[in-house]
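The listed protein sequences correspond, in order, to chains S and G. Counting from 1, one number per residue, gives the positions in the first sequence under my numbering. Counting from 1, one number per residue, gives the positions in the second sequence under my numbering.
Be aware that one or more of the hints could be misleading.
To give an idea of the interface, some chain G residues facing chain S are shown, with a C-beta separation under 8 Å as derived from the structure [stated by the list, open to error]: (1) Val26; (2) Ser28; (3) Ile45; (4) Glu46; (5) Thr54; (6) Thr55; (7) Val56; (8) Asn57; (9) Ala58; (10) Phe60; (11) Gly61; (12) Asn68.
To be clear, the hints were calculated from the coordinates, so they are not data collected in a lab. Cβ coordinates follow ideal geometry from the N, Cα and C atoms, glycine included.
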Amino acid sequence: MTEKINLTIDGKEIQAQPGSMIIQAAMDNGMYIPYLCYYPGMKPYGACRMCVVKAEAPTPDGSYRSLPGSPASCTTPISEGMRVETNTDELISLRKGIMELLISEHPHGCLNCHRIDLCGPTDVCLRHVTVNDRCVTCPKNERCELKDTVRYMEMELTTPLTYNNRHLPLEVKDPFWDMDMNLCIVCSRCVRACDEVRVDQAITLKERSGRSIIGTSKGISLLESGCEFCGACIDVCPTGAIVERDYKWDKAEVKTTTTCPHCPVGCQTSLDINKRNKLIRSIPVREAEANQGMTCFKGKFGLDYANNRNRIKTPLIKKNGELVEASWPEALDLVASKLSQFKGNSYSLISSDRGTNEDHFIAQKFTRQIMQSNNIDFSSNTNSEIFDNLSSMIGHSSATNTIWNLLKTDLFVIVSSNITEQHNVLGVPIKQAISKGSKAIIIDPRETELSRFADHWIKPNINTEHILIGGIIRSIIDQSLENHDFASKSCENFDEFRSSVWDFDLSRVSKETGVSQEEIQDLAKTISESTATSFLYSLDTISSEIKESTSTAIIDLALLTGNVENPGSGIYPLFTGPNEQGARDMGCVPNFGPGYSHISETGIGLGELDNACQTGDIKALHIIGNQASISSESGQKIKNALDKVEFLVVHESFENEFTAKADVVFPSSLFAEKDGTFTNLERRIHKVNPALGNKFDEDEDWRILCQLATRMGANNFNYSNSEEVFKELSPFLLSTNDINFQKISQSGQIYSVKRKLKFKPINISLNLNSISSDEFPMILTRGRILEESKSDAKIQLINDKNSITRNEIIELNSQDALNNNILEGDSIKIIGDNFELSGIAHLNGINSGIVSTTQLFGSIIEKVQEHKTEDPMLHFDQLNLIPVRIEKPE
Amino acid sequence: MPADNETLRKQIIEAIASQHRPTVTVLSSLLAIQDAIGYIPNEAIEEVAVQQDTTVNAVFGVASFYPNFRFTPPNNHSIEVCWGPTCHLEGSSNILQAVLDYLDLKEEGDTQDGEFSFRFNTCLGACSQAPVISLNHELFGKISPDESIKLIKEIKSSEPKHI
Ligand code: SF4
Ligand code: SF4
Ligand code: SF4
Ligand code: SF4
Ligand code: FES
Ligand code: FES
Numbered sequence: 001m002t003e004k005i006n007l008t009i010d011g012k013e014i015q016a017q018p019g020s021m022i023i024q025a026a027m028d029n030g031m032y033i034p035y036l037c038y039y040p041g042m043k044p045y046g047a048c049r050m051c052v053v054k055a056e057a058p059t060p061d062g063s064y065r066s067l068p069g070s071p072a073s074c075t076t077p078i079s080e081g082m083r084v085e086t087n088t089d090e091l092i093s094l095r096k097g098i099m100e101l102l103i104s105e106h107p108h109g110c111l112n113c114h115r116i117d118l119c120g121p122t123d124v125c126l127r128h129v130t131v132n133d134r135c136v137t138c139p140k141n142e143r144c145e146l147k148d149t150v151r152y153m154e155m156e157l158t159t160p161l162t163y164n165n166r167h168l169p170l171e172v173k174d175p176f177w178d179m180d181m182n183l184c185i186v187c188s189r190c191v192r193a194c195d196e197v198r199v200d201q202a203i204t205l206k207e208r209s210g211r212s213i214i215g216t217s218k219g220i221s222l223l224e225s226g227c228e229f230c231g232a233c234i235d236v237c238p239t240g241a242i243v244e245r246d247y248k249w250d251k252a253e254v255k256t257t258t259t260c261p262h263c264p265v266g267c268q269t270s271l272d273i274n275k276r277n278k279l280i281r282s283i284p285v286r287e288a289e290a291n292q293g294m295t296c297f298k299g300k301f302g303l304d305y306a307n308n309r310n311r312i313k314t315p316l317i318k319k320n321g322e323l324v325e326a327s328w329p330e331a332l333d334l335v336a337s338k339l340s341q342f343k344g345n346s347y348s349l350i351s352s353d354r355g356t357n358e359d360h361f362i363a364q365k366f367t368r369q370i371m372q373s374n375n376i377d378f379s380s381n382t383n384s385e386i387f388d389n390l391s392s393m394i395g396h397s398s399a400t401n402t403i404w405n406l407l408k409t410d411l412f413v414i415v416s417s418n419i420t421e422q423h424n425v426l427g428v429p430i431k432q433a434i435s436k437g438s439k440a441i442i443i444d445p446r447e448t449e450l451s452r453f454a455d456h457w458i459k460p461n462i463n464t465e466h467i468l469i470g471g472i473i474r475s476i477i478d479q480s481l482e483n484h485d486f487a488s489k490s491c492e493n494f495d496e497f498r499s500s501v502w503d504f505d506l507s508r509v510s511k512e513t514g515v516s517q518e519e520i521q522d523l524a525k526t527i528s529e530s531t532a533t534s535f536l537y538s539l540d541t542i543s544s545e546i547k548e549s550t551s552t553a554i555i556d557l558a559l560l561t562g563n564v565e566n567p568g569s570g571i572y573p574l575f576t577g578p579n580e581q582g583a584r585d586m587g588c589v590p591n592f593g594p595g596y597s598h599i600s601e602t603g604i605g606l607g608e609l610d611n612a613c614q615t616g617d618i619k620a621l622h623i624i625g626n627q628a629s630i631s632s633e634s635g636q637k638i639k640n641a642l643d644k645v646e647f648l649v650v651h652e653s654f655e656n657e658f659t660a661k662a663d664v665v666f667p668s669s670l671f672a673e674k675d676g677t678f679t680n681l682e683r684r685i686h687k688v689n690p691a692l693g694n695k696f697d698e699d700e701d702w703r704i705l706c707q708l709a710t711r712m713g714a715n716n717f718n719y720s721n722s723e724e725v726f727k728e729l730s731p732f733l734l735s736t737n738d739i740n741f742q743k744i745s746q747s748g749q750i751y752s753v754k755r756k757l758k759f760k761p762i763n764i765s766l767n768l769n770s771i772s773s774d775e776f777p778m779i780l781t782r783g784r785i786l787e788e789s790k791s792d793a794k795i796q797l798i799n800d801k802n803s804i805t806r807n808e809i810i811e812l813n814s815q816d817a818l819n820n821n822i823l824e825g826d827s828i829k830i831i832g833d834n835f836e837l838s839g840i841a842h843l844n845g846i847n848s849g850i851v852s853t854t855q856l857f858g859s860i861i862e863k864v865q866e867h868k869t870e871d872p873m874l875h876f877d878q879l880n881l882i883p884v885r886i887e888k889p890e
Numbered sequence: 001m002p003a004d005n006e007t008l009r010k011q012i013i014e015a016i017a018s019q020h021r022p023t024v025t026v027l028s029s030l031l032a033i034q035d036a037i038g039y040i041p042n043e044a045i046e047e048v049a050v051q052q053d054t055t056v057n058a059v060f061g062v063a064s065f066y067p068n069f070r071f072t073p074p075n076n077h078s079i080e081v082c083w084g085p086t087c088h089l090e091g092s093s094n095i096l097q098a099v100l101d102y103l104d105l106k107e108e109g110d111t112q113d114g115e116f117s118f119r120f121n122t123c124l125g126a127c128s129q130a131p132v133i134s135l136n137h138e139l140f141g142k143i144s145p146d147e148s149i150k151l152i153k154e155i156k157s158s159e160p161k162h163i
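Modelling step: build the complete structure from the supplied sequences, incorporating the hints.
Here it is, written out as structure tokens:
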């Protein structure tokens, strides 16, 4: 603990953290100094001068020396014994003067009027303020910091009503939000948030002095300026200059904090609910430890589906081939009596990766105890190898360190992960660290947003990542660069592992991977020389046969270099489902029970489900809320199986291909109607709160299962609320610390695990089942980046919205081009199963057999915004590798 | 004579590369480009962003901060009238008025006929010669409104020298 500094503010003696600014010290001690450009967590800036104070500091001879003038408290650091005055008459009048200047370019008729909270838009204004100059017609009215500050300062009515209207046109053509630069007070918070916090620089401060304003380079659209649509700029703007477009003028009646249901970062966001019980806005919580005030386009703009009224409203039973509405007792009775006939191994349950821990726990309890089957899995469990591997090598299957620990990382090794799109907020500390000098090695055939931050961007041949990492390991051992003490003393199995690496002859590795020996040695050196390395991998371009060897090699490399849990180092496996961690912890998998407990017999999981249904081994299938996975690989697998089963029960919120085939459908609650817990990738337990309450006759999945269980004769499924379920499941998680369900804060609570480190031998197995075929002999690797400085993107207005039109550039190997009779600049077509893309050929040195293209992130955002399905964020086009052939149109 | 895209990019890259200075920055690169081609085209913003490892928005933020950078090609000849304190005292407002009248302009800007780009200068650095004007970057001191117009007419027929 560092010593605190003592100082006096307005006669009150306080203590504060060394290095803080006066304003921060005051705030931490519950005192308020007016401010507008300051924002907690961002660097001091000193643009608005609202926070001026008088301050004096002691000199060695005991007297006090005044700081010159009236310094801005947001840029003046505290010192021992400092005396600060914040509210003298002089300061008050100084501040009022500054405020008058500030609002001389902002409509302010209402700002200093005593009727401000009384007038509506249609009232006759006593001061002749026009309707569109009134606060009440501003979308930020109820949450305007400028207004709050003016009110606090009790400005006199004498300020002239006229103001310098900038007459700038509104910008309403980009997705998701509107900008009215006539309301901007040029505090620059948005630009700083975008640059300092998000490291995007998608917006900038243009021009200077009287004409300074926020914008993009030459006014280009946000779709091409490098914006990731995270909304950070909106969240920090103190005025109505940048606002969310949807429900723009709606007011929040209630605010409820809950967990974003889109990815395992588990962002805490405060949902604004209007008086008609609609979710109108999502504002990330700054105090939350997992996301620290950040969200991404999904958590900020992708929650509207909770308002969709096109829901399954009551239970449905199939009668004469048609689903008809039924009462709960009728449907529950029917399912209970039907399922009684399928007890044992002919029953299988697939839980949702969006289920709460409570849902997962009850799902497995129901399956194992009532249905006496181990055939249970969750819908996104397509990478189980990676996690089983992690358990056996680390002792638990989750990240070994926290998300914001990445800020301390010196070197990132990122293997086949598209973090900005899939686990967005995880990218924030990574980009911040890199902007402060940390390095990154990216191993990925695709270009992703993080590629531009990479010091080494390695594109090995497809599916040779494990060989490359093996080669790096070999090179480290050859040069004796490993952390020998750690590897041999803190980890088991070092010797056996070490002898397994001799297969990885560097010349062979180089031949297989297409990465030169020098480069491999260089990587080995970089990784072993770094003091704090973090390894992140989601392996989405790697075929399932070698996922295990790849993840083994990555963990081995982390152990070998001693990067497990020190500050700045860690192993971060990245999965996709928002509560996959919980599903595993709760034993919602075929191979272990809750708390990773041993079970006698492994059941049928997602991977074998299709087959087991086809052969008739599975007769009754129970699918819980899998909207999210319909279009995914696992969803397709399940779909094929549906026709074969004798009895199909589906819990779902919206109709889809699964419900159409179901015998019984139960209406299930959405995230905003659930009361429960999610566990994020750091093992942090977050609360999911029923922000909206029940809309129709839907219910939470665990309750539905409990009612079935009770009807089937069980007496240990009587829970009156999710807290009771949590009490029963928590002992499986928490060896030492006890978590109180009601008291889980916005920062959640990380539960501890036992760590046991163990090397696993690696082998150089080649993946013989290449994904290409005779019909589609090439592999397309698609990339997506935020911005391309040299882009030829054109923005066109379509239906009054900005839209990108671009000639995609398709890179291919010169030899491959020659074989296909293609010249530089030719128009070509890439054709795959269900896939087509046209573009201009560009021949370069990429690996033979690969074609590659990089699109703009904006084009996806545009599509997502147009999407008419319930939850457009689920239709985010992922960057999988696609087998294709090239064609040259005549 | 608008250069075609590729020539323009080449000129820009050459201009950036031609800087012989210990530190090359966004600002210095922008200056080098404006010196070489007379303005900052889109391509220049893109090139500088790439070379300085930053974004177009950040580069534009810098460029637009300085009114001296222009984003459209200048006209054939440049005219600057000094508006600094010394020249002001020595009667530059008369020169200014005469020049504006002659060019048919109301403020800084480019003439319709494509001949002149006109702007004020806050001090041309030759106060002892006040009042001063600059024509195609050549200074003329102790000058009268009539002489100014005469000189402007002369350069009009000379080779275009827009930079
Ligand atoms: S509308 Fe007129 S009377 Fe009402 S608060 Fe605004 S300035 Fe005051
Ligand atoms: S939404 Fe776009 S402009 Fe705003 S902070 Fe995020 S990246 Fe920057
Ligand atoms: S848009 Fe908002 S945050 Fe940005 S400078 Fe203007 S007032 Fe400040
Ligand atoms: S990073 Fe993940 S949890 Fe956070 S807002 Fe985005 S999708 Fe939601
Ligand atoms: S808050 Fe201190 S200058 Fe703006
Ligand atoms: S004031 Fe005109 S040259 Fe200095």
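Hint-by-hint comparison with the structure:
| no. | hint | verdict |
| --- | --- | --- |
| 1 | Val26 | violated, 12 Å |
| 2 | Ser28 | violated, 18 Å |
| 3 | Ile45 | holds, 6 Å |
| 4 | Glu46 | holds, 4 Å |
| 5 | Thr54 | holds, 7 Å |
| 6 | Thr55 | holds, 4 Å |
| 7 | Val56 | holds, 4 Å |
| 8 | Asn57 | holds, 4 Å |
| 9 | Ala58 | holds, 5 Å |
| 10 | Phe60 | holds, 3 Å |
| 11 | Gly61 | holds, 4 Å |
| 12 | Asn68 | violated, 12 Å |
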